[in-house]
Amino acid sequence: MGAPIAMAEPFLVAKGITKRFGALTALAGVDLEIRSGEVLALLGDNGAGKSTFIKVLAGAHAPSDGELLVEGRPVHFASPKDAAASGIATIFQELALSENLSIAENVFLGRELKRSVLGVPFLRRAEMKKRVEDLLVELDAHISDPTAAVGSLSGGQRQAVAICRALNLNARMVIMDEPTAALAVAETRKVLELTRRLAARGCAVVLISHNIADVFEVADRMVVFRRGRKVGERLRSETTPEEIVAFITGAHADVRALEKTK
Amino acid sequence: MIALGKMRGQNLILAILAALWVATIIGLSVLSPAMFNAGTVTNILQFSTILSLVALGQTLVILSGGAGIDLSIGGTVSLSAMLAMLAFKAGMPIVLVPPACILIGLALGAINGLLVTKLRILPLIATLGTLFIYSGTALAVTGGAAMSGVPAWMLAWGRGSISSLPLPFITIALPAFGIAGIVLLWTAWGRWIYAMGFNERSARLVGIPVDRVRLLIYMISGGLGGLGGLISLAWLGSGRPNIGQNLELESLTAAMLGGVAIVGGRGGVGGVLAAVLLLVTLKTGLLRLNVNTVWQVGVVGVLLIAVLIADRLTTHRR
Chain A
1300 MGAPIAMAEP FLVAKGITKR FGALTALAGV DLEIRSGEVL ALLGDNGAGK STFIKVLAGA
1360 HAPSDGELLV EGRPVHFASP KDAAASGIAT IFQELALSEN LSIAENVFLG RELKRSVLGV
1420 PFLRRAEMKK RVEDLLVELD AHISDPTAAV GSLSGGQRQA VAICRALNLN ARMVIMDEPT
1480 AALAVAETRK VLELTRRLAA RGCAVVLISH NIADVFEVAD RMVVFRRGRK VGERLRSETT
1540 PEEIVAFITG AHADVRALEK TK
Chain B
22 MIALGKMRGQ NLILAILAAL WVATIIGLSV LSPAMFNAGT VTNILQFSTI LSLVALGQTL
82 VILSGGAGID LSIGGTVSLS AMLAMLAFKA GMPIVLVPPA CILIGLALGA INGLLVTKLR
142 ILPLIATLGT LFIYSGTALA VTGGAAMSGV PAWMLAWGRG SISSLPLPFI TIALPAFGIA
202 GIVLLWTAWG RWIYAMGFNE RSARLVGIPV DRVRLLIYMI SGGLGGLGGL ISLAWLGSGR
262 PNIGQNLELE SLTAAMLGGV AIVGGRGGVG GVLAAVLLLV TLKTGLLRLN VNTVWQVGVV
322 GVLLIAVLIA DRLTTHRR
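Note that the protein sequences, when read in sequence, are chains A and B.
Read in the numbering used here, the first sequence has 1445 at position 146, and its numbers run on one by one without any break.
Read in the numbering used here, the second sequence has 255 at position 234, and its numbers run on one by one without any break.
Mixed in with the good hints, there may be bad ones.
As the list claims (entries may be wrong) - Only some residues are given here: those of chain B computed to face chain A with a beta carbon under 7 Å:
| id | residue |
| --- | --- |
| 1 | Phe-219 |
| 2 | Val-227 |
| 3 | Gln-317 |
Derived by calculation from the structure, the hints in this document are not laboratory data.
In this text, a Cβ means the ideal position worked out from N, Cα and C, and glycines have one as well.
All chains should be built: construct the whole structure from the sequences, respecting the hints.
Structure below.
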């Protein structure tokens, strides 16, 4: 699926990212590269630091130390808006969709296509509908009507709408926080397919998941966090679920060696 | 792009209101055949004008969510009319009375908006406070007396009509509803209002300037109250400090009756206008039948509960 991409120039490089909340160190010197066209999974127990890390990437937290490079240039995100301007979109666990609006309206919410008449921003609905229709077909999302209310969609379909939203913002990197957490089996399949398709389009995808089976199905590379540190990084082709679990629980020899030196 | 389901809900509300309205008219004309003539239509629309403007403001405030409600609207109507007349008595040219009413209304609305968006006071409490301040001040500035002296040209507009349609209704109320309907349905602003009304968190995440929009909407509500105050001057010929009394609850009733969800994000302005006409028709009819005022209020309450039950039943079936 994604083996040759490992050679590509990284889209984002994190160097020594540290985040402290008062006396608590949530992240300690995390180095990470994220490549275009690659699905990178972040794994780890609750409180391991993966959520804090994606919040730094998404611009929600400023790192206490370390630097972020996007396409080789150092960036400083003061807000999620700054991250979005650099092409980084985050799909939140709660998806941030408005159920009373249609799919097309949600995809364009806050960035509507409009025609200004005397300063009044009238919506260009036909165009928005067409764009969303195309995106849905491209993602093979099996949603036929972009004017349907989001409130009538299933959990997996809502993920598809959220992904459409990210694509429509021309995101170069999409962060997905537990996209399959509350989904039925068939829906989970669909969302994993969507994730692969997103990478195939050339997006860098960062995925947080607790489900090791899902991760092994979709990710090209896996990074394990433990107690605020990156304790392991493996290509999927070079590892096994057992090894990853050992990293997560701290039973892995590398982790023990690392934690001894601390 | 209103979703089909919601469209059904809105159309259902309109259908119920239309049916109730026809039933009301039939019932009243059976009880008192002489009641319905061109004069009554003018009368009903005349009484509807101020309530419809205020109900429109109330609707926008509720739609935009955040537990939005404007209880001060009646006080805004009274105080904008009184202050504009006071300024006129103090030497302001009379031609400035209309813009003064609107500007004062906008300013009073801005105070509500700032209390809600900047100080984060719950709208119910913030506007309850300003209701007492505004209506109390309206009474205090003249010690409760009315202020006369409205010029003839304003009265000619306020009391005039074209083929039994009152001028203020067709020149102010109808255009206001038309503009609001267009903005809500066909502009990005309208989508933002629905989005923030339904799910404020997601609206903020996508970058909608929620606080700015909300402040503006409280101002618009105040401005519509100011227009109501202006119409009261032109219609009655004097500034009355208690003209806005009960408007907050009547406008709230009209909005609920018109299918606006109290939690925000659902509803439209068409139903609200229909609800205002129904309410005023009913009240006028009961008045003509010499029904005690106490019962009039009761009938409005029963109507509100009945429509809400009908709405709830159909929502569950969907």
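Now for the hints, and whether the structure bears them out:
Interface hint at Phe-219 of chain B: satisfied, since its Cβ lies 4 Å from the closest Cβ of chain A, which is below the 7 Å cut-off. For Val-227 of chain B, the interface hint holds, the least distance from its beta-carbon to any beta-carbon of chain A being 4 Å, beneath 7 Å. The closest approach between the C-beta of Gln-317 of chain B and any C-beta of chain A is roughly 35 Å, which is over the 7 Å cut-off, so the hint fails.
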